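Chain by chain, the residues run as shown.
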Amino acid sequence: MDAVAACPNALTGVRVLDLSQFEAGPSCTEALALLGAEVVKIENPKGGEAGRTAFSDPFYFMAYNAGKKSVAVNLKSLAGQALVKKMAKVADVFVENFAPGAIGRLGLGYEALSRQNPRLIYAEIKGFGDGSPYEKSLAFDMIAQAAGGVMSITGEREGRPLKPGPTLGDTGTGMLMAFSIASALFARERTGKGRRLSLAMQDAMLNYTRTAYIYQARTGRAAPRNGVNSLGGANAPSGIYPSKGGGPNDYLYINTSRANPDHWPRLLRVIGREDLIGDPRYDSAEARIERIAEVDEIVSNWTREHGKEEAMALIGEAGVPAGAIFDCLELANEPSFERRGIMQVMEYGGQKMKRPSWPVRFDGLPPRIAPAPSLGADNAEVLANWLGLGAGEIEALGKEGAL
Amino acid sequence: MNLEDLDCLEGVRVVDFTQFEAGPSCTEALAWLGAEVVKIENPKTGDPGRRLRPGQPADAPSDDPWYFFQFNANKKSVTLDLKSSRGLAIAKELLQKADVSVENMAPGTIERLGLGWAEVHALNPRLIYCRVKGFGEGSPFEKNLAFDMIAQATGGPMSVTGEPERPPVKPGPSFGDTGTGMLMAISILGALYRRQRSGKGGRLEVAMQDAMIHYMRVPFSRQPKTTEAVGRGGAKVPGAPAPCNVYPCKGGGANDYVYVFTSRANPEHWTRLLKVIGREDLIGDPRYETMAARGAHEAEIDAVIAAWTREHSKEEAMRLIGGAGVPAGAVLDTLELLNDPSLERRGIMQIVEQAKSGAYKMPAWPVRFDGAPPRVKRSPLLGEHNAEVLGQWLGIGEEELAGLKSEGII
Numbered sequence: 010m011d012a013v014a015a016c017p018n019a020l021t022g023v024r025v026l027d028l029s030q031f032e033a034g035p036s037c038t039e040a041l042a043l044l045g046a047e048v049v050k051i052e053n054p055k056g057g058e059a060g061r062t063a064f065s066d067p068f069y070f071m072a073y074n075a076g077k078k079s080v081a082v083n084l085k086s087l088a089g090q091a092l093v094k095k096m097a098k099v100a101d102v103f104v105e106n107f108a109p110g111a112i113g114r115l116g117l118g119y120e121a122l123s124r125q126n127p128r129l130i131y132a133e134i135k136g137f138g139d140g141s142p143y144e145k146s147l148a149f150d151m152i153a154q155a156a157g158g159v160m161s162i163t164g165e166r167e168g169r170p171l172k173p174g175p176t177l178g179d180t181g182t183g184m185l186m187a188f189s190i191a192s193a194l195f196a197r198e199r200t201g202k203g204r205r206l207s208l209a210m211q212d213a214m215l216n217y218t219r220t221a222y223i224y225q226a227r228t229g230r231a232a233p234r235n236g237v238n239s240l241g242g243a244n245a246p247s248g249i250y251p252s253k254g255g256g257p258n259d260y261l262y263i264n265t266s267r268a269n270p271d272h273w274p275r276l277l278r279v280i281g282r283e284d285l286i287g288d289p290r291y292d293s294a295e296a297r298i299e300r301i302a303e304v305d306e307i308v309s310n311w312t313r314e315h316g317k318e319e320a321m322a323l324i325g326e327a328g329v330p331a332g333a334i335f336d337c338l339e340l341a342n343e344p345s346f347e348r349r350g351i352m353q354v355m356e357y358g359g360q361k362m363k364r365p366s367w368p369v370r371f372d373g374l375p376p377r378i379a380p381a382p383s384l385g386a387d388n389a390e391v392l393a394n395w396l397g398l399g400a401g402e403i404e405a406l407g408k409e410g411a412l
Numbered sequence: 003m004n005l006e007d008l009d010c011l012e013g014v015r016v017v018d019f020t021q022f023e024a025g026p027s028c029t030e031a032l033a034w035l036g037a038e039v040v041k042i043e044n045p046k047t048g049d050p051g052r053r054l055r056p057g058q059p060a061d062a063p064s065d066d067p068w069y070f071f072q073f074n075a076n077k078k079s080v081t082l083d084l085k086s087s088r089g090l091a092i093a094k095e096l097l098q099k100a101d102v103s104v105e106n107m108a109p110g111t112i113e114r115l116g117l118g119w120a121e122v123h124a125l126n127p128r129l130i131y132c133r134v135k136g137f138g139e140g141s142p143f144e145k146n147l148a149f150d151m152i153a154q155a156t157g158g159p160m161s162v163t164g165e166p167e168r169p170p171v172k173p174g175p176s177f178g179d180t181g182t183g184m185l186m187a188i189s190i191l192g193a194l195y196r197r198q199r200s201g202k203g204g205r206l207e208v209a210m211q212d213a214m215i216h217y218m219r220v221p222f223s224r225q226p227k228t229t230e231a232v233g234r235g236g237a238k239v240p241g242a243p244a245p246c247n248v249y250p251c252k253g254g255g256a257n258d259y260v261y262v263f264t265s266r267a268n269p270e271h272w273t274r275l276l277k278v279i280g281r282e283d284l285i286g287d288p289r290y291e292t293m294a295a296r297g298a299h300e301a302e303i304d305a306v307i308a309a310w311t312r313e314h315s316k317e318e319a320m321r322l323i324g325g326a327g328v329p330a331g332a333v334l335d336t337l338e339l340l341n342d343p344s345l346e347r348r349g350i351m352q353i354v355e356q357a358k359s360g361a362y363k364m365p366a367w368p369v370r371f372d373g374a375p376p377r378v379k380r381s382p383l384l385g386e387h388n389a390e391v392l393g394q395w396l397g398i399g400e401e402e403l404a405g406l407k408s409e410g411i412i
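Going line by line, the protein sequences match chains R and P. 412 is the number that the working numbering gives the last residue of the first sequence; the numbers go up by one with no jumps. 412 is the number that the working numbering gives the last residue of the second sequence; the numbers go up by one with no jumps.
Keep in mind the hints are simulated off the structure, nothing from the lab. Note that this is a predicted model, so its numbers are computed, not measured. One thing to keep in mind: the hints can contain errors.
[Said to hold, decoys possible] Within a straight-line C-alpha distance of at most 25 Å, the following computed SDA-like cross-link-like pairs (lysine to any residue) qualify:
(1) P/K407 x P/G373
(2) R/K55 x R/C16
(3) R/K145 x P/G373
(4) P/K252 x R/K78
(5) R/K78 x R/A405
(6) P/K145 x R/K85
(7) P/K363 x R/M96
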């Protein structure tokens, strides 16, 4: 694995105090960890962060906590709160995504922490923004996807709203916060000042649905659901075509672009229908849309005879955008991802999981995935390095019920 | 509105060769946070995103390029014919003065122009040189073209989106593009931060297919449990305890639904929900008391909840269920969100005065810095900043500019 992954050391020396849980926060702090920051998870000594037990297996936790350290602190004890407050004095970044109001009740709100450490970048992720009618409400990924417009544009044309399978509500939010934290760190080199960063998951969804607002602007109507198609102008052929095998994901996406009239004759050559090149029934985008059922049939007749990988290779090589519908099993087993370090195997608690790494390569290499920490694994190391606590003091904190 | 002109990235110069969305969403994020982003555009047509007007022929006069507004706010535009030797020389001079360059051209194009990594790195070793492609180097598809939907097809999102037993659908958000752009933006910031210590630039690359996998970690975390591919869950989250679904609301319109979720981590969600919907009689009922039992009676549970939600509007249902401490979300559509006054008041949606077509309301960068999101400024007209950027960065004067223009280089 070392041949294909490395720590980019981009955020070396940055200390992140991570009070986040589940995914919206942890995906953000994991991105910082993958880029080289020292991320210390503060976890409940009883059971740890909620994501450890959100499913009946450790894979969810393994997916969002690579390369972090774990310190188990009892935040319900005053000594535990005081300890975290001390850690915030020497941290660069603080991240939390508790339910609304909870962090203040722990004495770890923005005012308290920034007063003692004006250089601190304090990041809070909530479901809904301050000033939203729902600001006190809880949110998880799917609530953000419902209330942020995502589900209204996902589904079959005449069907009900559906939830996209990817957890854009969580990780999509985490990424916007990670970018903002890194920007605030960069600015702090010049200004010496920390900042308060706040992000609502509902608001974050708008950043990923901007193309729907173009439809909205054009028509004045709510952007609809459009099956497999984009909301942009219709073009044909465009959509999924059945491929050999007939399984639930045996489809090929073909998208001939309106901007490139060559896509259609290129496609005809691949599928052995040169006879139709120049045929006025299909020659313009408008004509093809008018005969969309015929066009789809012409294309399907060929795709049905080919495996989706083969079809993707042949059509893609001819310069027409095409993509097989790959499922998680196919992607997990595709050797080129592991060869390139985009997928890496993580070992944790006796389990192994092949999981995605950070997909951006730095000088050719993606970041190396280190294991997720076991609960409290780094108590001694972090408390010694950050606060200079010795073994005796740490033991005393344990006896007080702070750890 | 509550806004701030953010200067986090003040002094960072970005030469932006990107087009459409995957690249422009990345450089726009940099611009929102204060970087000086200079789009390099073809003098004749500009970024093809300027011409992406659904429902209109590609050569129609450009007066409503909403697509372009969305992804090119706060940037500058300089026109440059990169196929002319003088145009290429100017691009190289700009790159010598820049901190970051970003491109998302088709595979091999930037190298053919003479602006590949080796050449540009030799010109400016401090430069952070960024490439966004459809597929990664070493992928069987590395030469292929990709757009948002191709990334969503090949990176897994479509395989897990749709009704069970039905063909895949495409998630509506264009996160094949913007989702990729955000990962590159974070990485650029990491590289800039590192450069302050090391003095060195670097080469950043991301493939859209690979970026999709990053947003797919929940499905991938279910994959080790089964030998079949993770399937489509409709509106549900596969593996989550019931109830977890969209429920129909009063009105019966296409988006009159409320999402209700009860978390495995909090067994009280179920009893709280029963109180809201007036079904206290079911509290403690062994048919529904445990998560396993609710899983076995999911259809009944869904009917009990729907009987209540059908009598309430989605906003009311969200307020009542959410107010009781159970995660709930109305399925809000683009029209409702666009007209939501709180989004505008908070600066999450901003009205931007465009150069030709007037006021346009659009989503802004949603992260608030000390309470305020960054101010969105209108996207540039083609070549609007030729004189300013070429003058300030390269010292090119008026006369030389006129010459460049008459030769068709800018």
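Ascending list of hint numbers which this structure does not respect
Failing hints, ascending: 1, 2, 4, 6, 7.
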